[in-house]
Amino acid sequence: MHDQVNPAPRLDNQDPVLFGQTPSQTVGPFFHYGLPWKGCADLIGDSEIGARPELFPAEHYVLASPTAKGEVAGEPIVIEGAVLDADGKAVSDAMIEIWQADAAGRYVDGSSHSGFIGWGRASTGEDGVYRFVTIRPGRVDDQQAPHIAIGVFGRGVIKRLATRLYFEDDAANAADPILALVPAERRQTLIARKVGQAWRFDIVLQGDRETVFFDI
Amino acid sequence: MNPNFKREDAGQPPSLHAPYASTVPRSPRQPLVRIPHTLTETTGPSNAWPRLMGGAMADLTTQHKAMPQGQRIIVSGRVLDEDGRPVPNTVMEIWQANAAGRYIHKKDQWDAPLDPNFTGAGRVITDDEGRYQFVSIRPGAYPWGNHHNAWRPAHIHLSLLGPAFATRLVTQMYFPDDPLIEIDPIANAVPLPYRQRLVSRFDIETTKPNWALGYLFDVVLRGRDQTPFEDDHHA
Ligand SMILES: [Fe+2]
Chain A
216 MHDQVNPAPR
226 LDNQDPVLFG
236 QTPSQTVGPF
246 FHYGLPWKGC
256 ADLIGDSEIG
266 ARPELFPAEH
276 YVLASPTAKG
286 EVAGEPIVIE
296 GAVLDADGKA
306 VSDAMIEIWQ
316 ADAAGRYVDG
326 SSHSGFIGWG
336 RASTGEDGVY
346 RFVTIRPGRV
356 DDQQAPHIAI
366 GVFGRGVIKR
376 LATRLYFEDD
386 AANAADPILA
396 LVPAERRQTL
406 IARKVGQAWR
416 FDIVLQGDRE
426 TVFFDI
Chain B
9 MNPNFKREDA
19 GQPPSLHAPY
29 ASTVPRSPRQ
39 PLVRIPHTLT
49 ETTGPSNAWP
59 RLMGGAMADL
69 TTQHKAMPQG
79 QRIIVSGRVL
89 DEDGRPVPNT
99 VMEIWQANAA
109 GRYIHKKDQW
119 DAPLDPNFTG
129 AGRVITDDEG
139 RYQFVSIRPG
149 AYPWGNHHNA
159 WRPAHIHLSL
169 LGPAFATRLV
179 TQMYFPDDPL
189 IEIDPIANAV
199 PLPYRQRLVS
209 RFDIETTKPN
219 WALGYLFDVV
229 LRGRDQTPFE
239 DDHHA
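If you read the sequences in order, they're chains A and B. Under the working numbering, think of the first position of the first sequence as 216, with each following residue one higher. Under the working numbering, think of the first position of the second sequence as 9, with each following residue one higher.
There's no promise every hint is true.
[What the hints assert, rightly or not] From the structure, some residues in chain B lie toward chain A, with a derived Cβ separation under 8 Å:
#	residue
1	19
2	23
3	42
4	46
5	49
6	82
7	139
8	153
9	165
10	197
11	206
If you are wondering where the hints come from, they were derived from the structure by calculation, not from laboratory data. We treat Cβ as the ideally placed atom computed from N, Cα and C, and that holds for glycine.
With the hints as extra help, turn the sequences into a complete structure.
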């Protein structure tokens, strides 16, 4: 009879000598059937924006649509923008995530069973454009201007790029402590502008108009 | 006040790693702006994942009419913070190629067979001790266009939210017996020895007789940090 013993392990994260943060890796180009669920970019309704079901067969659309969201207080808004690379080319395989407070400036962690959950995800289309439907957030902790935290993922993006969206018409921007840490000449990369019915927020990964990304 | 989270450790890869060619036009050149952790960074939808995404899907081999082709595997482990504390009730999303190394994705044009019985997408939730487990098939290696004769090592993509915006992590799990890891520009964006944190461990205890091979993979998220921002800024 054989003993049931493991082969000698190589050094890995189970080993106390090496133990530490698991390194980030890219989402790659093929995440569309595995990350965006039905409705992931609509934080207040049941539209199915944010996913790209045309990129895989219907019988493999296994990511469920969660239950209806119910009434949400606040001003509904649309946020949209293009993700662009160093050459100004549309990034058609990026994924954007958002995290935001509700209209009263509160973050809902889900421990209550009602209320707005300010977390969403959207794939970019072939034109590099992502789109969210949400509500306009309130001021956070009485100091920060209304803002939305943004994470950028994609093929060629080894680790998440973190940025923030602020609203062009908000007087509180002038005293926002995070905006104040950004060199004045680059601050406009964090400001969404109202274009038609939507708040436009392009994300430029590199170049003259490079978006400010944060070390958080 | 919510405690802050620790910053990146030395094992995190840089955004620009030129051997992985598509990082060159897609990584920022300006320095990152270091900001303190506010309520925005220290909160997250930690308990809201089922309301956000829907229920768990822990068996990737039973989503269609028949069993998928390939070597059945059990992947098990814990989600911990870097101080070794379990991260309970957090979601791990999973996606991968099939046994032949082909993704169920229209832009994957490699000439390897699709498997109608395998999608390769799943989702698990950690228990009170941070434990998770899912069943799948071992993905195949696949070629890609990064350089001549480039092949990705077999890997499973994993996505974790953790307790806060600051702890978000997307990674890839590799297999311990795979010679392609050493020559893969994506895995090698992570300097040694830290690259080894991405490699799972074969485990005979997790292995089920006459049924499936078992692999252990612990995922480690950022830990809590009580250091005030100013100190950490001048350190
Ligand atoms: Fe992959």
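Evaluation of the provided hints:
1. 19: It holds, given that the least Cβ distance between residue 19 of chain B and chain A is near 5 Å, below 8 Å.
2. 23: Holds, because the Cβ-Cβ distance from residue 23 of chain B to chain A comes to roughly 6 Å (cut-off 8 Å).
3. 42: 4 Å, holds
4. 46: 6 Å, holds
5. 49: 5 Å, holds
6. 82: Hint violated; residue 82 of chain B Cβ to chain A Cβ min 15 Å, cut 8 Å.
7. 139: 14 Å, violated
8. 153: With Cβ-Cβ at 10 Å, over 8 Å, it is violated.
9. 165: 7 Å, holds
10. 197: 5 Å, holds
11. 206: 6 Å, holds
Consistency note: the structure conflicts with the earlier hints numbered 6, 7, 8.
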